[in-house]
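**Q** Letter by letter, the chains look like this.
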Amino acid sequence: MDLIIGGAYQGKLECARKRYSLADGDIYICSESEGIRYGYRCIYKAEEFALWCVRTGNDAVELLEQQRGEWKDSIFICEDIFCGVVPLGADMRAWREMTGRMCSFLSSEAENVTRVFCGLEQVLK
Amino acid sequence: MNIFVSGGNKNGKSGYAQDIAVKLAGGGKLYYIATMIPYDDEDRARVARHIENRAGMGFETIEAGRNIESVLETADEKGTFLVDSTTALLLNEMYSGSYEEEADRNAASRCISGLLEIAGRAGNAVFVSDYIYSDAARYDDFTEMYRSSLASIDRAMAEACDTVIEVCAGNLIVHKGELP
Chain A
1 MDLIIGGAYQ GKLECARKRY SLADGDIYIC SESEGIRYGY RCIYKAEEFA
51 LWCVRTGNDA VELLEQQRGE WKDSIFICED IFCGVVPLGA DMRAWREMTG
101 RMCSFLSSEA ENVTRVFCGL EQVLK
Chain B
1 MNIFVSGGNK NGKSGYAQDI AVKLAGGGKL YYIATMIPYD DEDRARVARH
51 IENRAGMGFE TIEAGRNIES VLETADEKGT FLVDSTTALL LNEMYSGSYE
101 EEADRNAASR CISGLLEIAG RAGNAVFVSD YIYSDAARYD DFTEMYRSSL
151 ASIDRAMAEA CDTVIEVCAG NLIVHKGELP
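So the sequence lines, in the order shown, correspond to chains A and B.
Residue numbering for the first sequence follows this note's numbering, beginning at 1 and increasing consecutively.
Residue numbering for the second sequence follows this note's numbering, beginning at 1 and increasing consecutively.
Quick caveat, the hints were computed from the structure, so don't treat them as lab data.
Beta carbons: idealized from backbone N, C-alpha and C, even for Gly.
Among the clues, some could well be false.
[As the list claims (entries may be wrong)] For the chain A half of the interface with chain B, some residues (derived, Cβ under 7 Å), not all of them: (1) G7; (2) Y9; (3) G11; (4) D80; (5) I81; (6) C83; (7) G84; (8) M92; (9) R96; (10) C118; (11) G119.
[As the list claims (entries may be wrong)] Output of the computed footprint for chain A on chain B, the stretches with three or more beta carbons under 8 Å from beta carbons of chain A: (12) 1-9; (13) 136-147; (14) 152-160; (15) 166-176.
All chains, full assembly: derive it from the sequences and hints.
**A** As structure tokens, this is what we get:
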């Protein structure tokens with residue numbers, strides 16, 4: 001499993017498309033309403049899966065641990081949402097916390113971790 | 001040589017960019033391209049503070065809140081240009097009048113072509129931007145448009161420049177190329 005993180009609009013998906021030669025059909029886009037689906041090479045917007053977890057009372061790390069076999073060869077892409085002020089809204093705070101714990105978990109599981117900054121790749125692991 | 005500098009706010013980007021521009025100029029012509037158009041006393045105080053900070057460094061200030069490539073008409077192209085910042089330039093290009101108007105959706109591409117023209121023609125150039133992409137918030141459409149527009153400028157400049165630097169608490173992370 002590989003993890004790509006970075007701020008909004010930094011070119012994370014373009015980086016993954018190039019490096020892994022991904023076609024549109026290889027990419028699953030997580031959403032607040034649908035959560036996550038497996039069976040795709042690339043799981044994009046993992047932070048939206050974390051928000052789905054917050055909304056539905058699930059824990060992202062617990063779910064991922066239970067379903068490890070489904071994603072162990074996938075590429076995860078997650079937005080870095082950790083450098084701003086602590087959000088005032090309780091749900092946004094919970095989202096940030098859930099996403100942070102999920103990213104740390106995915107980082108520890110990943111073979112490669114890349115951060116994308118202004119379209120440039122930085123190897124973190 | 002062209003250098004792109006970004007990073008969080010209040011991390012020392014402007015000071016570092018000024019130092020590196022002085023170094024690149026090597027005693028030659030050195031221009032500070034001031035992009036901020038002051039609207040109130042708070043803005044004017046900030047501008048005064050910036051002018052004081054760079055006093056004695058040898059900068060000639062050219063004000064260009066819009067049409068950034070126009071600075072090449074009056075300046076010596078072989079000189080060194082410090083553009084601080086793309087953030088202010090984009091905001092000015094998005095709104096030619098008041099903030100009540102609808103934002104100009106072509107602003108980012110105009111900024112990119114102007115900045116690339118400077119990068120292509122100037123002896124040296126240093127471009128400063130702000131990294132505003134890593135917070136947990138759901139913004140309104142205008143703010144998201146501003147963020148995605150600034151990111152498209154950042155990425156174009158990062159691709160075009162020889163060296164890309166992220167400033168973090170006064171420390172440098174070199175993402176591309178080498179320090180001069």
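**Q** All the hints need checking, so say for each whether the structure fits it.
**A** These are the hints, each one checked on the structure:
1. A cut of 7 Å between beta carbons decides the hint on G7 of chain A: the least distance to chain B is about 3 Å, and the hint holds.
2. The restraint placing Y9 of chain A at the interface with chain B holds, with a minimum CB-CB distance near 3 Å, inside the 7 Å limit.
3. For G11 of chain A, the shortest C-beta to C-beta distance to chain B is roughly 6 Å, which falls under 7 Å, so the interface hint holds.
4. With a least beta-carbon distance of about 5 Å to chain B, the hint placing D80 of chain A at the interface is held under the 7 Å criterion.
5. Against a cut-off of 7 Å between C-beta atoms, the interface hint on I81 of chain A holds, since the closest Cβ of chain B lies about 4 Å away.
6. The criterion of a C-beta within 7 Å of any C-beta in chain B is met by C83 of chain A, whose closest approach is roughly 4 Å, and the hint holds.
7. A cut of 7 Å between beta carbons decides the hint on G84 of chain A: the least distance to chain B is about 2 Å, and the hint holds.
8. Contact between M92 of chain A and chain B, as hinted, is supported at the beta carbon level, the nearest pair being about 6 Å apart and thus within 7 Å.
9. Nearest Cβ of chain B to the Cβ of R96 of chain A: about 4 Å, under the 7 Å cut. The hint holds.
10. Using the Cβ-Cβ criterion of 7 Å, the hint placing C118 of chain A at the interface with chain B is satisfied: the shortest such distance is roughly 4 Å.
11. Interface restraint check for G119 of chain A: the shortest CB-CB distance to chain B comes to about 4 Å, inside 7 Å, so the restraint holds.
12. Evaluation of the coverage hint for the stretch 1-9 of chain B: fulfilled, as 3 residues show C-beta separations to chain A shorter than 8 Å, against a requirement of three.
13. Under the rule that three or more residues need a Cβ within less than 8 Å of chain A, the assignment of the stretch 136-147 of chain B holds, with 4 such residues.
14. Here the stretch 152-160 of chain B counts 6 residues with a CB under 8 Å from a CB of chain A, which clears the bar of 3, and the coverage holds.
15. Coverage of the stretch 166-176 of chain B by chain A holds. Counting CB-CB distances below 8 Å, 4 residues qualify, and the rule asks for three or more.
Violation of the numbered hints given earlier is absent; every hint is satisfied by the structure.
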